[in-house]
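In the order they appear, the protein sequences are chains Z, G, L, V and U.
All residue numbers for the first sequence refer to the numbering used here, where the first residue is 1 and numbers rise by one.
All residue numbers for the second sequence refer to the numbering used here, where the first residue is 1 and numbers rise by one.
All residue numbers for the third sequence refer to the numbering used here, where the first residue is 1 and numbers rise by one.
All residue numbers for the fourth sequence refer to the numbering used here, where the first residue is 1 and numbers rise by one.
All residue numbers for the fifth sequence refer to the numbering used here, where the first residue is 1 and numbers rise by one.
Note that these hints are calculated values from the structure, not bench results.
Glycine is no exception: its CB is placed at the ideal position from the N, C-alpha and C atoms.
Possibly wrong hints are sitting among the right ones.
[Stated by the list, open to error] Only some residues are given here: those of chain U computed to face chain L with a beta carbon under 7 Å:
{"id": "1", "residue": "Trp18"}
{"id": "2", "residue": "Val42"}
{"id": "3", "residue": "Ala115"}
{"id": "4", "residue": "Val119"}
{"id": "5", "residue": "Ile120"}
{"id": "6", "residue": "Phe124"}
{"id": "7", "residue": "Thr204"}
{"id": "8", "residue": "Ile209"}
{"id": "9", "residue": "Thr213"}
{"id": "10", "residue": "Leu216"}
{"id": "11", "residue": "Thr217"}
{"id": "12", "residue": "Met222"}
{"id": "13", "residue": "Thr257"}
[Unchecked claim] The following residues of chain G were derived to be distant from chain V, with all beta-carbon distances above 12 Å:
{"id": "14", "residue": "Leu88"}
{"id": "15", "residue": "Arg205"}
{"id": "16", "residue": "Pro236"}
{"id": "17", "residue": "Glu247"}
Listed here are the chains, written in short residue letters.
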Amino acid sequence: MSGEAGVKLAIRNLNHNFGSFRALNDVSLDIKDGEFVCILGASGCGKSTLFNAVSGLLTISAGQILLDGKNIAGKPGQVGYMLQKDLLLPWRTVLGNITLGASLTRGAHKADREKAAELAYHYGLGDFLRHYPRSLSGGMRQRVALMRTIAAGRELMLLDEPFGALDSQTRIGMQQWLLEIWREMKRTVMFVTHDVDEAIFLADRVVVMLPKPGRIGWILDIEIPRPRAMDCMTSPAFVEIKRQVMEMLYSQATLHGVPGAQPGGLKVPA
Amino acid sequence: MSGEAGVKLAIRNLNHNFGSFRALNDVSLDIKDGEFVCILGASGCGKSTLFNAVSGLLTISAGQILLDGKNIAGKPGQVGYMLQKDLLLPWRTVLGNITLGASLTRGAHKADREKAAELAYHYGLGDFLRHYPRSLSGGMRQRVALMRTIAAGRELMLLDEPFGALDSQTRIGMQQWLLEIWREMKRTVMFVTHDVDEAIFLADRVVVMLPKPGRIGWILDIEIPRPRAMDCMTSPAFVEIKRQVMEMLYSQATLHGVPGAQPGGLKVPA
Amino acid sequence: ADLTKVTLTYDWVTPDFELIPTAVAQAQGFYKDAGLDVSVVFPPNNSTTVRMLGSGAGDIGFDPVTDVAFAAAQGIPLVSIAVYSQSNNCGLFGRPGEPVDLSTLKGKKIGVYTDSWTKAMMPYILKKAGITENDIEQIIATDDDIPMLLTKKIDYATNCANYALADMVPTIKQEPTMLLGPAGGMPDVPVWDFTVMKAYGEAHADTVKAWLAATQKGMEWATAHPDEAVADLLKLYPAAGDKAYNTVGWNATIPLLKGPNGYFVQSDAQWDGIAHALADTKQIDKVLPPATYYTNAYLN
Amino acid sequence: MSHEPSPLRDYARHVGLWIVAIALIFVAWELVLVATGLPAYVIPPPGKAIGVIFDNIPLMTQLTSQTLSETFYGYIVGAVLGVVLAVIMAQVPIVHRLLYPALITSQAVPIVAIAAPLVIIFGFGLTPKLIIVAWIVFFPVVVNVLDGLASVDHDQINLARLLGGTRLRTFMIVRLPACIGPLFSGLKIGACYAVTGAVIGEWTASSHIGLGTYLLTANAQMNTAGVYGAMLLLTAIGIGSFLFVVIVEHFATPWRTRMTAPAYFGGNIPPHASTQKQKV
Amino acid sequence: MSHEPSPLRDYARHVGLWIVAIALIFVAWELVLVATGLPAYVIPPPGKAIGVIFDNIPLMTQLTSQTLSETFYGYIVGAVLGVVLAVIMAQVPIVHRLLYPALITSQAVPIVAIAAPLVIIFGFGLTPKLIIVAWIVFFPVVVNVLDGLASVDHDQINLARLLGGTRLRTFMIVRLPACIGPLFSGLKIGACYAVTGAVIGEWTASSHIGLGTYLLTANAQMNTAGVYGAMLLLTAIGIGSFLFVVIVEHFATPWRTRMTAPAYFGGNIPPHASTQKQKV
Ligand SMILES: Nc1ncnc2c1ncn2[C@@H]1O[C@H](COP(=O)(O)OP(=O)(O)OP(=O)(O)O)[C@@H](O)[C@H]1O
Ligand SMILES: Nc1ncnc2c1ncn2[C@@H]1O[C@H](COP(=O)(O)OP(=O)(O)OP(=O)(O)O)[C@@H](O)[C@H]1O
Ligand SMILES: [Mg+2]
Ligand SMILES: [Mg+2]
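Please work from the sequences and hints to get the whole structure.
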């Protein structure tokens, strides 16, 4: 813990180019220990690129990424990372998938399996330890994927649209479940989503990114008290934040992914 | 046009069982000609089953489905139907996919191709007629899928979560594009979504379905004036409707798809 | 006692009645008495015997005499140390009761093998019939010639009498009609011989002599006791198959073995005949002196 | 408008790799000779085997064209039969269940053993050879097309039903193209094997001589260089067939490698009077 | 807790289908005889062919076990070689590019033609036979495993990297299981073909007699019933090998057919002191 006091992750002047295309432009961001940060932004603004950089999958073009003060750029295996696709291995049971991190590094010991079983019992999957992923529902699969990420034991977890493929009821359940885990486990979380409601509901801070080049536009502190119940989503404070965020997002909106569309066909608020 | 005046589709006492499981229980619903009806409901409450019944894919257990007064239960090919998956055929060009309906029934003539090209030029895909689907973005693919549904020429179109896989910016663009088409083409639309904002934004009426057994819970008239701009989503009227709908949806919420979850872990509004 | 190892390389992929002299000499202990430990290997196909001698996978070869002439033409130092049969029993075969008639050969379908022997003999038959290659239709029938003949897919088969009889007699209890050797215009030359690579023969002259002597003993014994000889073959070589087949075949082979000068003895005339047959059909470029092909030096 | 990457460099690289790989095989061949010290009449050096081909070009051309035509026609029969069988089996479940064990059986039967009755039943012409080649070729085609048809996206079939598609048109437009990938895998494997079938066919019974029969004769005459020369040509036919299918696949499935439809593949679009927005 | 459908009825149905299918083949065989009027020495009736087997049980048992062991060992060698080659090729791109044409070439060479040099080089033992069987078996295995390895989900590989997986462990835990489906497809095709390889091997290098040599002798001696008896046994070996692989596949990939891991497949879970909620 040699970094700035209370700062878990420090991103300093991060730049990344794909060929001549600038995907991330001078991104700087500090994430506090135990903080829950949500990242919003149009498709293609570099959210996943940012996560790939922090996770070490990507060799960044310039800048620094400090975890507890140590540079982790280009070093995979230092942080937890979970994607929209659950990526469960169909040939491993729920237990086997949760202990995957141990199996891949040094072999899963009895202790790993016991810890994984505790986790599963505790968070409602105890009866499914011997099951193969194919017999699980989408929500259960995402929960296993999250447990796999937790069991890998990293203090910082990057979640890239983890609930994007779930229907809204399941999603709301999962959001509350995630908040419970976050509270009990005291991890630091960075969370990418396209859903403005979700971002505001979960976050301590919302980071709004802008495209071309990918960069940080605004950072909002969300001061809605915790624990948050679902009906806070229609509270005036929430709606006001949502209005601000949507203005940030769509004041910039082009019809992304819809090339050649007639501008006349679009109603964008002035 | 022998049905009740102005009623495009009449669903009367529709029941459907999968084995001993009752998926639809006494569903009755009239859709007016030119109306835009959105259907919301928890996963598994029978929304897709309802669409499959109307489209004729499913042999229903009991009840009547009248299109313009004629029974269409069990007769596919009478209504347009579009799914979350775009189901574009990779080996057909954009043009070939749009004219698929004609090709599959009687062979696509020159007139069909010309009509499809007009459609594509008109709605911003004219430059991509010769392209294969793999070179299109997700949003463009959904647009081609919608054009395929339009080109098939049915007056009633069922859209089952057509934008569920798109990111929110693209999605908002697509919603506005769909409204434009709906206005210009004067089709009748039934639209399934999980996104409460989307349902309210698009619909003349919102139908909230309830699970176990699948049935209609509430029907709300959405009286927000058209054309609707995006900022109406944070208007008080909108938020009030949203509050009501969420209460309807989640007053019933169990943690669907998350079996074994501890009820203590959920914050559900009373 | 220390036995000298000798390996015979056969001419065919599996054993059959022509192996009887060797099988008998093994079973009756003639080789052992001569201080030899003889084993037999079978080639991967019916044209690889010489190559196996060349690569050291065999000491003595059993093969058609044409092999020696081809080997000489290719500069392979192979030499015949004894002929196995003394006369030409190959020719045309017809269905029972339908005599082979050269005067009507024109336009007929004749089943042939791809081997050089058939190729060398056909021109003689055609010459005698007064026609050319273009007047008949040659069908490459390989091992299925007799079934094809009997089912009238071909009009005549080419073969050697001992094999044709062995094929047909046990199956249909009837003999084919035959036109053999000189009667068909062909030279009366031997068909099979024993060979060695020259270097092996020079280095192991006594072994080769002893082997030939013991084999001749087997041949004589088997001629005197044909049924027991077949039994010996089947006992040592179960892969030789059917008893009736081998009995018929061996009885048809016996009359071929002994020439005017006894077993094994070869002559300039025989080898001249063979070489000319091949040269006439352009399978070898030139006829070499007979001594290039054979030697009687290992006979006792 | 669209940017297609020029495939020329890609082709050049492929051709180069094949050349290097084949050169390596010749090197290995030489090494075996050196290592075993076998004389040339047992296994000839590559140069001698190639020499035989060039010294006898008219004969070799004739032999090759004979064997090639057996391979080709047998291949066509086998491929068509494979597709037809797969289609029928995919459509009629009971045929599928009963025929599948028969397919397995057909390949477990050593083909070399059934060659003789074929000749007796079908005579000496092309027929028995075609049957043997087809027998070998049809199996990978059937298995692959069946797998392909079974894995067609069920939703795409439903879509076709929803659009009111007829059974035949749905089959031609949706099902068949969906299994074109597996089809070509099967066709490629079959192309490798076809030439072996032609050789077995020639060995069984032929009134015309091809490379297979020449190989036997050369073997009998101890013309080892001729044996290996014929083998080289046979192998070349096999490789050529394989590469031919690869090229056909490339042109028959442009959507795998290109962004837009080529003109030869219905890429022509109706002329459009104006690109301006107008009432449809 | 979990409900597995009893697979017993499924097995029974499969076995039943095989029996019906094979009975149909025998019926077809009889029909060919009736239709063509061929004498028994060209094609024997099924009864006679089966009769030969039962009249010579000790001999047939010995022949079958010889051929079976060649098939088995050759199959193992070919399968292992196929997997190893595929793994190396998937890991080292340059090996892949150079070896792929060589693989195609290996199958385009008529195997019947290379058998002789194999015997000359490797002698008469088991070796050349194993090589021939393996030569035939390894190809579908290599091709399928290569395809399988190439289509492993790239995101799963990235996941393994993110979890800090070592190269070897990632290979064993992620890559290899991902291509087990294609692997078994290749193994099943190879199993059908293996017995043909053993026959060719025996025809080429027969120091021990097996069904292949017996078939050859019987054929040369016009013992047609013997030929077809041997063919029946060879076919039975082929079908048996195929079905054996099908069964191994069933047990080796329980996640395809079952909801929960069976005990033999690491389905044991750590005992849990209590199912009550507790601090982790
Ligand atoms: N490997 C790559 N090579 C080239 N360009 C890339 C690569 N990966 C991403 N990009 C580009 O970088 C930009 C940012 O991509 P990124 O995936 O980070 O966006 P995102 O914000 O995660 O979008 P989404 O919301 O759709 O997931 C995009 O324009 C994308 O096309
Ligand atoms: N073919 C089927 N056989 C048996 N049960 C089915 C079948 N199709 C659907 N069901 C069941 O019927 C119920 C309704 O399914 P349906 O797909 O209509 O739900 P949905 O409202 O569309 O859900 P989602 O929002 O997840 O798409 C579910 O409980 C489902 O498990
Ligand atoms: Mg992303
Ligand atoms: Mg649905």
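Next on the checklist: Name the hints, by number, that the structure is in violation of.
Outcome noted: Per hint list: 1, 13, 14 violated.
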